[in-house]
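Peer 1: These are the residues of each chain, in order.
2 protein chains.
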Amino acid sequence: MKIINNPNKESWSDVLKRPTQTVGDIESIVNEIFKDVSINGDNAIKTYTERFDGIRLENNEVSVLEIENAIAKVPENLKNAIIKAKGNIEAFHTAQKTEKVAIETTKGVQCWQEKRPIQKVGLYIPGGTAPLFSTVLMLAVPAQIAGCKEIVLCSPPNKAGELAPEILFAAKLCGVTKIIKVGGIQAIAGLTFGTETIPQVYKIFGPGNQFVTVAKQLATKHGVAIDMPAGPSELLIVADETANASYIASDLLSQAEHGTDSQVILVATSKTLIDNVSEEVEKQLNVLPRKAIAEKSIANSKLIYVENYTIALELINEYGPEHFIICAENEDLYVDGISNAGSVFIGDYTPESAGDYASGTNHTLPTNGFSKAYSGVNLDSFLKSMTFQKISKEGLLNIGETIELMAEAEGLQAHKNAVSIRLKDLK
Amino acid sequence: MKIINNPNKESWSDVLKRPTQTVGDIESIVNEIFKDVSINGDNAIKTYTERFDGIRLENNEVSVLEIENAIAKVPENLKNAIIKAKGNIEAFHTAQKTEKVAIETTKGVQCWQEKRPIQKVGLYIPGGTAPLFSTVLMLAVPAQIAGCKEIVLCSPPNKAGELAPEILFAAKLCGVTKIIKVGGIQAIAGLTFGTETIPQVYKIFGPGNQFVTVAKQLATKHGVAIDMPAGPSELLIVADETANASYIASDLLSQAEHGTDSQVILVATSKTLIDNVSEEVEKQLNVLPRKAIAEKSIANSKLIYVENYTIALELINEYGPEHFIICAENEDLYVDGISNAGSVFIGDYTPESAGDYASGTNHTLPTNGFSKAYSGVNLDSFLKSMTFQKISKEGLLNIGETIELMAEAEGLQAHKNAVSIRLKDLK
Chain Z
16 MKIINNPNKE SWSDVLKRPT QTVGDIESIV NEIFKDVSIN GDNAIKTYTE RFDGIRLENN
76 EVSVLEIENA IAKVPENLKN AIIKAKGNIE AFHTAQKTEK VAIETTKGVQ CWQEKRPIQK
136 VGLYIPGGTA PLFSTVLMLA VPAQIAGCKE IVLCSPPNKA GELAPEILFA AKLCGVTKII
196 KVGGIQAIAG LTFGTETIPQ VYKIFGPGNQ FVTVAKQLAT KHGVAIDMPA GPSELLIVAD
256 ETANASYIAS DLLSQAEHGT DSQVILVATS KTLIDNVSEE VEKQLNVLPR KAIAEKSIAN
316 SKLIYVENYT IALELINEYG PEHFIICAEN EDLYVDGISN AGSVFIGDYT PESAGDYASG
376 TNHTLPTNGF SKAYSGVNLD SFLKSMTFQK ISKEGLLNIG ETIELMAEAE GLQAHKNAVS
436 IRLKDLK
Chain X
16 MKIINNPNKE SWSDVLKRPT QTVGDIESIV NEIFKDVSIN GDNAIKTYTE RFDGIRLENN
76 EVSVLEIENA IAKVPENLKN AIIKAKGNIE AFHTAQKTEK VAIETTKGVQ CWQEKRPIQK
136 VGLYIPGGTA PLFSTVLMLA VPAQIAGCKE IVLCSPPNKA GELAPEILFA AKLCGVTKII
196 KVGGIQAIAG LTFGTETIPQ VYKIFGPGNQ FVTVAKQLAT KHGVAIDMPA GPSELLIVAD
256 ETANASYIAS DLLSQAEHGT DSQVILVATS KTLIDNVSEE VEKQLNVLPR KAIAEKSIAN
316 SKLIYVENYT IALELINEYG PEHFIICAEN EDLYVDGISN AGSVFIGDYT PESAGDYASG
376 TNHTLPTNGF SKAYSGVNLD SFLKSMTFQK ISKEGLLNIG ETIELMAEAE GLQAHKNAVS
436 IRLKDLK
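Keeping their order, the protein sequence lines are chains Z and X. Each residue of the first sequence is one higher than the one before, starting from 16 at the first, in our numbering. Each residue of the second sequence is one higher than the one before, starting from 16 at the first, in our numbering.
Only true hints are included.
Note: identical chains are not told apart, hence a pair may lie in one copy or across any two.
Derived BS3-like pairs (lysine-lysine); straight-line CA-CA distance at most 25 Å:
#1 LYS130 to LYS112
#2 LYS405 to LYS115
#3 LYS405 to LYS101
#4 LYS408 to LYS99
#5 LYS50 to LYS236
#6 LYS99 to LYS187
#7 LYS164 to LYS193
#8 LYS101 to LYS130
#9 LYS306 to LYS317
#10 LYS408 to LYS101
#11 LYS122 to LYS99
#12 LYS94 to LYS122
#13 LYS115 to LYS130
#14 LYS442 to LYS99
#15 LYS17 to LYS317
#16 LYS317 to LYS32
#17 LYS442 to LYS122
#18 LYS17 to LYS32
The hints are simulated quantities; they were obtained by calculation from the structure and are not laboratory data. Source: prediction; values computed, not measured.
Using the sequences plus the hints, can you model the full thing?
Peer 2: This is the structure we're talking about:
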């Protein structure tokens, strides 16, 4: 691990640099698959599933029977864990519901704002070595609370043409309306254009590899919204001399095992703590099954010593971490002072894993510094704000002249006319 | 105007088709300017301002003196109109403030969601024939309420190297922190990378021509968020036999004067009304100063007769208009049933112009069908949701096993460890 002492402000951008990703060479293949799927629909989907997932599927929609069989396969204790986690996620996201905002801005001018569900959403769940069923909870639970009518889940099949039973269990539990066995670029293309079996949706959510990320970017050019731009997962911990080095090491490693490009940073106001954490990481790393991955990202990780919490906070806000753990006596100062972070974990007994799975907060969060401008996925991600207004005769008499003056000054006479023609009848 | 009778559902996508925009050939010039500005900063900015705006500016920041001089030039009655409009916009957007959402999802597991301001925002205000000072109000007012620290406004200078006094007056009134005389692609590039005079921002707002639109898209690839993808402005009116044909014609024309690519649609359940509106449009069109523009977009506009409100509503939701005016006796049915629209105007005395200028709602709205997934600009556009959690010993004892089971099932042992190492100390 790299230990950095008291970096001066000029060096911060170097110290905090994230690994750059080159997506240029991916774009052409993504473009090609999008074009093919838009023209050939399910036929194209079948071809790519065969090519990339190694299985020819004549029917890629998951049947009721498949779901039932899958549910029978999930161990009871895991089912209960998923149900418990779902309960917390549901409670937290239900609490995010907002009332209609209505005011009379001027006598007779009623304005209000209401949130209405995005009617059709697509949820992408990556495949690969481990089934990421927790992401199903994080996306489908708020979609259901929001009232989205069509909730379409896409995930790549394994070589046997199946999805992991835990994914199907979670999808069924959370009200997903359609489950399609399709992954990668072709899944995003299918959700973007629609095919015979894949419904066209208005917004696509979910993580994925570089191909999926570029495909989601391209989807936005075709009028489909996405949850947020994605990047490798990252964790920044701030700690002082009162922090527990073993706990911190375990948190750093939990982030490091995600992938070799994961970002792991400790900012500490104690040099002793940095030494202790460094030692603990080595110890805990050795017994991990995903040691090979964690080792690589730990090698790139940084332990940064700074003199005081003011500098720490400034540096952290400059970075804008996805996950931010605070293990320090003056935790409130950090809580109050953090401007840029996806999700904040406070105190010795709040590991990032809690938010990844079961505390109730969402784990789909802005990485790559996007926390400076983006929210993590939340209930509002599945809703859109619409405004409404109703103006009475009295109301138009009250604001009509204001509108006329402004429209005229902007050179938009027809805008003015729309008011004048009404005022003439009223006066 | 094209009158369409009872279109069958298969033809809807044709009937509702928006004019396609080709941006392919713009992309290369945008890329080039972005690269130049990222390398050469203000020097590049100066060159492009000279090339595109016809003026060489050695200093492009608007001075306090310039603002004072401008304020003196704006007529008092227009000043008062702007102040009145600002009051309504402020009232409506202040009402959108939300409280912290906090719950204990499980005993000992405290989760909360707070919105914090995006620290640095850029507001783009187009130049051209008319000064769009109303957009300054629509963007700067919520930015100020949200608490954004840096609010940077960019707008192209005229040939004399000046901005319209109304823009400067509105900017000053709404707490803009810096005003830069720069427009077009180079303005967006400057806000994306930062230059010696233009601050780098986290999110860019505001309308613009095709060049600005493509530049904003490119900005997102460089990690800057944008308000929403843009497209030509559009209006859809639904009306029945009780509606006032002159009023409707005036609204259609107010939209049509925006540009030749503006979209104007009337959906009516009365054929008589359609005939009357068609006649009225011709009459009112002739006296408009922007007749040449309005005429072209009116030529492409559509008057669609449908049999009943159910069909009307389905068709309108399929289109997802930016502006939606309801002039019908059963207005509540439309209000309740509309899923996809940017902003809704209800009744005979609620012209779109009211929302464009002074009622209090925002006029920066999703066009091009984006209302299916996007909100218009509102207070939340200048904030991001952050989640926080604090778990007590008891809390971790309550949810620890759930996390362990789920992490293990996902094959993420280090995630499990982060909990186990703490539980061991607690048990």
